[in-house]
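Colleague: Quick note, the sequences are listed as chains A and B, same order. Under numbering that gives the first Met the number 0, think of the first position of the first sequence as 0, with each following residue one higher. Under numbering that gives the first Met the number 0, think of the first position of the second sequence as 0, with each following residue one higher.
A hint or two may mislead.
Pulled a few chain A residues facing chain B out of the computed Cβ check, cut under 8 Å [as the list claims (entries may be wrong)]:
1) Leu8
2) Ile9
3) Phe35
4) Arg84
5) Val86
6) Gln88
7) Gly90
8) Gly99
9) Phe107
10) Leu229
11) Asn278
12) Tyr282
13) Leu290
Computed far set for chain B versus chain A, every beta-carbon distance over 10 Å [said to hold, decoys possible]:
14) Ser11
15) Tyr12
16) Pro20
17) Leu97
18) Leu102
19) Arg149
20) Val150
21) Gln178
Simulated restraints on C-beta separations [claimed, not checked]:
22) Asp168(B) to Arg83(A): 54 to 62 Å
23) Gln180(A) to Gln16(B): 40 to 48 Å
24) Asp24(B) to Arg84(A): 30 to 38 Å
25) Ile116(A) to Gln23(B): 57 to 65 Å
26) Ala310(B) to Ile60(A): 27 to 35 Å
27) Ile65(A) to Leu302(B): 36 to 44 Å
Honestly, the hints are just simulated from the structure, not real lab data. Note that the Cβ used here is the ideal one computed from N, Cα and C, for glycine as well.
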Amino acid sequence: MLGPILETLIGGLMTGVLYALVALGFVLIFKASGVFNFAQGSMVLFAALSVARLSEVMPLIVAVLIAIVIMVALAYAIEFLVLRRLVNQEGIILFMATLGIAYFLEGFGEAVWGSDIYKINLGISKNPLFLFEGIFPGGLLIDREEIAAAVACAILVAGLAIFFQVTRVGRALRAVADDHQAAQSVGIPLNYIWLIVWAVSGIVAIAAGMVWGSKLGVQFSISLVALKALPVLILGGFTSIPGAIIGGLIIGAGEKLAEVLLSPMLVKWFDLAGGGIENWFAYVLALVFLLFRPQGLFGERIIERI
Amino acid sequence: MLYREAGQFKTSYRSDQAIFPIVQDRWFMWGLIAFGFLVLPLFANQYLYTEVLIPVLILSLAAIGLNILTGYCGQLSLGTGGFMAVGAYASYNLLLRLPDTNLIVVFLFGGLMAMLVGVLFGIPSLRIKGFYLAVATLASQFFLEWVFARVKWFTNYAPSGSVAVANLDLFGFPIQTPQQKYLFVLAVVVVLGFAAKNLVRGRIGRMWMAMRDMDIAAEIIGIRPLHAKLSAFAVSSFYIGVAGALWAFLRLGSWEPLAFDINRSFQILFMVIIGGLGSILGSFLGAAFIVLIPIFLNQAPGLLGVPLSTAMISHLEFMIFGVMIVFFLIVEPHGFARLWAIAKEKLRLWPFPY
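With these hints in hand, go ahead and build the complete structure from the sequences.
Modeller: Structural data, given as structure tokens:
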């Protein structure tokens, strides 16, 4: 009994890493510009589509480089055409604008790259690994791709941490995140910072898109998977990068365990037509969590009383 | 010249507090209702009824519901689709189990059930607000969608998971042809629309607006946040529930939970934002815009004579829709309602602006 549960747990944690990758993009933009970027999911889809289609005609590494250029160009376009013109609007207006961007990107991506299911081949063997065969009968089954995802995530987070803590641009980013006006008054150009943040989260989207794409195939549903990043954000706090990672792990593991353990019980008690509580479990978990700790695990404490 | 209120003196409290204090507005409203009930049925065809008029009216009702919550009380919600589903399935089950129930009672029941669920999912709003609340309402969206897809009792153990209603009637009058459906929907929307207009300009509406503008100040002048927020959730979900029931019964006829998925929630939110937050009129204008745009985009390539594949058209539709939303937000972030207000202001002075 313990073996399968442990396997589910590990599988869930690995899925959680993928959620965390998407959530990271949200956090970066929310921190620096206060924009709740709903287009992150579409950016992941768009990035994955670009990589998948480009890698059909050229080596993967070149495809990724070109995809990075595309995402930076996209960030520039968004900053120049949308954000710059909506400075000083309320949060909900900016949120709606990113919804518009999300629609546009979904249509644009599929119009340019096509709307079939594409594959990204990362060159990782599809055979799963078996670990601890001595301890559990049959061993624990782990996908190599999931390990690759975890490693990619770790590298990205480490890279981002260095970028934020050490570099000059990173310091400017943190200053903007702290206080827009103060940052501007000491001479940090806001537009430039926003451009960088959107570009960075575009690059994070490439990483997320490649890992998701190699796991599930590149298709429209990737942009929906990105919605799962929202409960992750609630759990971790909107402004915390470690929160995004840990929240992702909790949500990923929680929903897989719930699907395996809780779902059969619910089906039996209520005579349901199948389980599938994965679809909402993360949200309800986040909702319950909110009642007790509204600012999330690592979010900035909101002192304001409601 | 046409729209001048000079000389219209208010001589009683009654006239001071009228819904439309200006005579021209009043006549315009009566004219519009008469046009909807009497003139439109003379020339409208089936396509106009089922693809334009009925969807616009029903979705306006849902938009009014969301506008009460988001525009008037300031609580962002992404669970509209879920609450619509509650209205639809509650009505369906009442009609299924008590087939002789009056249709009005059926729709009211749908609204009331949605109201109950809405209040339940509105409880987190007492502790959180803004985007945190938006994500919390997503929980209701996904949970409710799942409930209606999985719990067999709600769909009467239908193997396909899709349910249908047919042969509706009200006091013996059948509601089956598009025209009959349209007239019924119009009547419901007129009644509920006026009710909403009256609610938001009365005590309770002012309470919501105070809550929206600054919750702490509102609390200090004696408005109970619990009361204000949950009543907004209740009224809003009632409207959304009735709209959901109407949508399922009179627009779709047979439906499955997918009809009320997250895209429906976004669609209604778009209507509210584009129409104008905090405006009943805006809800109607926004709904009309969002319903008509895809129809227009579908027809445009054919009219222009550009040959495009269906897949390409749907991609282009997405793109143009997204661009229009962004464009509209940049040009007029306060929506159609603001444009209307500006037009009215101009009209007062026209044609002698100085």
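Colleague: Holds or violated: the hint that Leu8(A) contacts chain B, with Cβ atoms closer than 8 Å.
Modeller: Violated. Min distance 23 Å.
Colleague: Between the beta carbons of Asp168(B) and Arg83(A), is the distance compatible with 54 to 62 Å?
Modeller: Between Asp168(B) and Arg83(A), where Cβ atoms are some 57 Å apart, the hint holds.
Colleague: Does Tyr282(A) meet its interface restraint, that is, does its C-beta lie within less than 8 Å of any C-beta in chain B?
Modeller: holds, 3 Å
Colleague: Double-check Leu229(A) for me: the hint is only fine if its C-beta lies closer than 8 Å to a C-beta in chain B.
Modeller: Holds, because the Cβ-Cβ distance from Leu229(A) to chain B comes to roughly 5 Å (cut-off 8 Å).
Colleague: Have a go at the Val86(A) hint: is there a Cβ in chain B nearer than 8 Å to its own Cβ?
Modeller: The hint is violated - Val86(A) has no Cβ within 8 Å of chain B, the shortest such distance being about 11 Å.
Colleague: Going by Cβ atoms, does Val150(B) stay more than 10 Å from chain A at every point?
Modeller: violated, 6 Å
Colleague: Would Leu97(B) pass as off the interface with chain A, using Cβ distances and a cut of 10 Å?
Modeller: Given that every Cβ of chain A is farther than 10 Å from that of Leu97(B), nearest at about 23 Å, it holds.
Colleague: Assuming the hint says 57 to 65 Å, is it satisfied by the Cβ distance from Ile116(A) to Gln23(B) or not?
Modeller: holds, 58 Å
Colleague: So, as I understand it, the hint says Gly90(A) touches chain B; can you test that by seeing if any CB pair is closer than 8 Å?
Modeller: Status holds, d = 7 Å.
Colleague: Would you say Leu102(B) is clear of chain A, with no C-beta pair closer than or equal to 10 Å?
Modeller: holds, 29 Å
Colleague: Going by Cβ atoms only, is Arg84(A) closer than 8 Å to chain B?
Modeller: holds, 5 Å
Colleague: Hey, does the Ile9(A) contact hint survive, CB to chain B under 8 Å?
Modeller: For Ile9(A), the interface hint is violated, since the closest Cβ of chain B sits about 25 Å away, which is over 8 Å.
Of the numbered hints listed earlier, those contradicted by the structure are 1, 2, 5, 19 and 20.
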